[in-house]
Amino acid sequence: MLRHVETRSVSPVFVGRADELSTLHDALARAARGEPQALLLGGEAGVGKTRLIEEFTGAAVRAGAVVALGGCVEIGADGLPFAPFSAALRALRRELPGELAAAAAGQEEELARLLPELGDPAPSRGTGRHDEEGMARLFELTARLLERVAADHTVVVALEDLHWADASTRHLLAYLLRTLRTGRLVVLATYRSDDIHRRHPLRPLLAELDRLRTVRRLELARFTRQEAGRQIAGILATEPDPVQVDEIFERSDGNAFFVEELAVAAHEGCRTSLSDSLRDLLLVRVETLPEPAQRIARIAAEGGSTVEHRLLAAVARLTEDDLIEALRGAVNANILIAAPTGDGYRFRHSLVREAVSDDLLPGERSRLNRRYAEALEADPTLVPADQRVMRLASYWYHAHDPAKALPAVLDGSVAARARHAYSEQLRLLERAMELWDAAPQDVRSRLRLVDYTETYSPCGCDPATTPLTYLDLLAEAAVAGRFCGERDRSMKIIKRALRLLEDENDPLRAAWFWVQRSWLVQAKAHGDGWRELGTAQELVRGLPPSEVHAEVLANVANWSMVHVPGPDAFSAAERAVEYARMVGACEIEMTARLTLGSLMVQAGDVEAGLAEMYEVNKRTVGDGIAAVAGRSYVNLPSELESVGRSREAVPLMEEGIAFTRRFGLLNSEAWVWGNLAESLFTLGRWEEAAEAASQFRRAEQSAKPRGFHARIRAELALERGDLAEASEQLANAREYFGPHDYAPQYSLPLARIALGVAAGEGRLLDARAELERVLDDGFPPGTQRYGWPLLLTAATEETRAAGLPAAGPGRAETLRRIRGAAKTLATNVPVWQAYERWVRAELLRAEGRGCPEEWAEIVAAFETLERPYDLARVRFRLADALLGTDEGSRDRATELLRLAHAVAEHLRARPLADSVALLARRARLALTGAPQQPSASADPVESLGLTSRERDVLRLVSAGRTNRQIAEELFISPKTASVHVSNILAKMGVSGRGEAAALAHRLGLFPPGAEDRLAAG
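Using the numbering used here, the letters of the sequence shown correspond one by one to residues 162 to 1178.
There could be a bad hint or two in this list.
As the list claims (entries may be wrong) - In silico DSBU-like pairs for lysine-lysine, Cα to Cα no more than 35 Å straight-line:
| # | residue 1 | residue 2 |
| --- | --- | --- |
| 1 | K685 | K779 |
| 2 | K685 | K656 |
| 3 | K685 | K653 |
As the list claims (entries may be wrong) - What follows is a list of derived Cβ distance ranges for each label pair:
| # | residue 1 | residue 2 | range |
| --- | --- | --- | --- |
| 4 | P365 | W597 | 29 to 39 Å |
| 5 | R374 | E896 | 45 to 55 Å |
| 6 | P900 | R342 | 26 to 36 Å |
| 7 | A1147 | K656 | 50 to 60 Å |
| 8 | R374 | S1109 | 32 to 42 Å |
| 9 | K1148 | Q994 | 36 to 46 Å |
| 10 | R342 | D664 | 28 to 38 Å |
| 11 | D927 | C747 | 22 to 32 Å |
| 12 | G195 | E848 | 38 to 48 Å |
| 13 | R1010 | D927 | 21 to 31 Å |
| 14 | T502 | D664 | 18 to 28 Å |
| 15 | E848 | P365 | 52 to 62 Å |
FYI, nobody ran anything at the bench for these hints, they're computed from the structure. In this text, all values refer to a predicted model and were calculated from it rather than measured experimentally. No residue lacks a Cβ here, since even glycine has one placed at the ideal position from N, Cα and C.
Please build the complete structure, drawing on both the sequences and the hints.
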């Protein structure tokens, strides 16, 4: 090994970059105060990114920070999965061994996928399979690890050469920058901006990170002539000739690396003519080396970013003395430098390596890759253990030897899968498919299922003896594509497999691919997935039990539970449980039992269904079946909420959040947060509900949980009277759920919100149209938790609209249809029995009927339930009914209004608070303190600050009059009427005439016929 060899082409003077360095130091200072920082440093090749990083990290170390460097490793055109993060974590382990061990405690097996020194990587949870959230789980644990290590130390993680990064590294970096919230941490990444062409895989990531306010992006510019002159002076250790500076600056165009190369070339007398390309300039210095040093440079160029000394010796096949002499010549010429690890070599700049590699002949390149592969096969210890398989796969592939390359890339795909590097697994499997036909038959026949597959469960054959097939590769690649988010590539692979299966009699395998296609269709929001599941169900119908058969039935049952719950879903779930038990598929059995429990609850067998779900939760948590356990923390609390047991659900969901975070189950965690927000809303803990409904921002997950969170925020906004926010969140939720999936759990709550928003804005006909669409479709069995609130909202809005001119036509039919729909909804638990009475009472009230006794029974029913907002609303209704009877009920009405007002104020439920206050003013009841005395301010119109004339105008606006009609009735000009309307809208805090009319009627400002009793002008 050559270590301390003098070099002199790098300027000892750090030139320019004052602004960029200031930004980096500012980030370091902020991080030291506990504010995590993220920066991207871009610039063309050779512009000086690495030198700036060296200057900054050196200063950071002097300031007491811990620096962890990691570079993206290139082998040929391939990157090693997670290479920069593995290198950075390895550096942290050297600098802070105790702190890193403590931060990784309990998760060593999982984190060993990134840092093998922590132990053997964990097997897939439960059944030995990987799951869709395995990569997310690893990402979450990595982010938390860095936060813990940086809790007491300022840490700088510098990742270089992102343009070479593998897809898994890019995904992990994106996750890290989105989710870091605490810790004294700086994450700094560099990339070549001139390499980022339109189709470069880094380009979408940069665009995504640009949208994050927490990420700062710096672009490193070329040197000015003055800066280039200072650089040349530093390199030559003397003041250069101005003419020479002009020439070098013009030739290099300010690129720091080319300034350096030209300055050294001029100094050594090997300057090239101005007509030569810069690539030729880079090669000129290599071509001046002795032939053995040139040969070593060519060998090293094809070996990767860094080549180990022993590997280089094995490939070069020189004696030790000749090898050292050749290396000394390359190092003395500053072509190669010793690697930071001290056990190998790398080119001083990647531009030189690329120029040397590009100059190789095609046959020469293949021969060198073969020699690297043969050397590594002969002695696997020549490279680090965690790189061996991937590098061998790359060397053999680029050696263009299908017989050797096919097994090697398949081994690489297994290694990538073990690290949750599913993007690299997919890339290697696609290479295996490319090589399949070219590889000799005897090579293919020696490949076994057990060695390379785990996604498709072979039925009726022994994986240890069954040869691998092309369809097996397609199955692995389809799942890898789904796991890494490459859904379009995965869909193409599945379509190819199904075309091939048209000519084969293999219904089980075809059914399996149809299930995969269903998942992708739903994930891409291109449909509800039933056509694909139905096809799979038909393919397995009549076949004996198998794992694939059980999986199909479990998926059919789960889909039916969400979309069309009923006897068919129940039957599919029971058979899925039975088949899974028969074939020993524990994970599928637990999934199906969870679905079965939900269906039992929805069908009315509440206690037995909940007991089944509790048992599944206990089993899966205990056995480490993380994916199903995460789902149980979603479905079980949801069913508890559906039967009015919100308080029981909350601690279970808090436990679920801790569990899903521990295992990185991001989608499950997002669903749990949404369910928690829903239960907190029910329990009257609205501020906590709003916070829970915003938790999706901390991590990435699929669209539907985001839609659920948006729905909860829309409900909160609607009940607080913020119609604009409710409308915006409603639109967000609809976008997230997509136009193809009409599952009742999505569509019915959104219809209720849309109905409420439309009515609140004075668009009664739009509200009725929304209701009619729902009633035309009907309520599927088990959807009472969504149906009763929707019917209640519709009935309540019909009551509020009484007296509006537009409300008359169609009113009786709407009320009739609401009554008819109510008869189809179950009332199997007390909460929905109370809602049934409430809806019935609202319908009677809308018709001008009803009595206090009816409302008193409803209040009594809700007093036994933990639903404070609902209780406040029915207390308000009872108070209103009591005040319409006799004076003897005033004390009871006052008590009810005070209780309702206290809840409304606490929850900031403005519509309810305003209605309670208005009723109290009209009845001259005090909500606090002594009874109110009659006063002018008791008039609700005056409480809005409206003048007498504005009162008249508002009355006519409420009656649906136009400005011209108002002008004619009040003997004023249309322009004056317009001014009055504008003033009224401003004082009422509404955005339009319809909303003003709706508010006036909701507050009961003008009884029916009042438009005929105008104040004198």
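Do the hints match the structure? See the list:
1. K685 <-> K779: 33 Å, holds
2. K685 <-> K656: 15 Å, holds
3. K685 <-> K653: 13 Å, holds
4. P365 <-> W597: 29 to 39 Å: Holds - the Cβ-Cβ distance for P365 and W597, about 30 Å, lies within 29 to 39 Å.
5. R374 <-> E896: 45 to 55 Å: 22 Å, violated
6. P900 <-> R342: 26 to 36 Å: Cβ of P900 to Cβ of R342: about 34 Å, so the range 26 to 36 Å holds.
7. A1147 <-> K656: 50 to 60 Å: 59 Å, holds
8. R374 <-> S1109: 32 to 42 Å: Taking Cβ atoms as reference, R374 and S1109 lie about 51 Å apart, which means the hint is violated.
9. K1148 <-> Q994: 36 to 46 Å: Holds - the Cβ-Cβ distance for K1148 and Q994, about 43 Å, lies within 36 to 46 Å.
10. R342 <-> D664: 28 to 38 Å: 54 Å, violated
11. D927 <-> C747: 22 to 32 Å: Cβ of D927 to Cβ of C747: about 51 Å, so the range 22 to 32 Å is violated.
12. G195 <-> E848: 38 to 48 Å: About 26 Å separates the Cβ atoms of G195 and E848, which means 38 to 48 Å is violated.
13. R1010 <-> D927: 21 to 31 Å: 27 Å, holds
14. T502 <-> D664: 18 to 28 Å: Between T502 and D664, where Cβ atoms are some 53 Å apart, the hint is violated.
15. E848 <-> P365: 52 to 62 Å: 37 Å, violated
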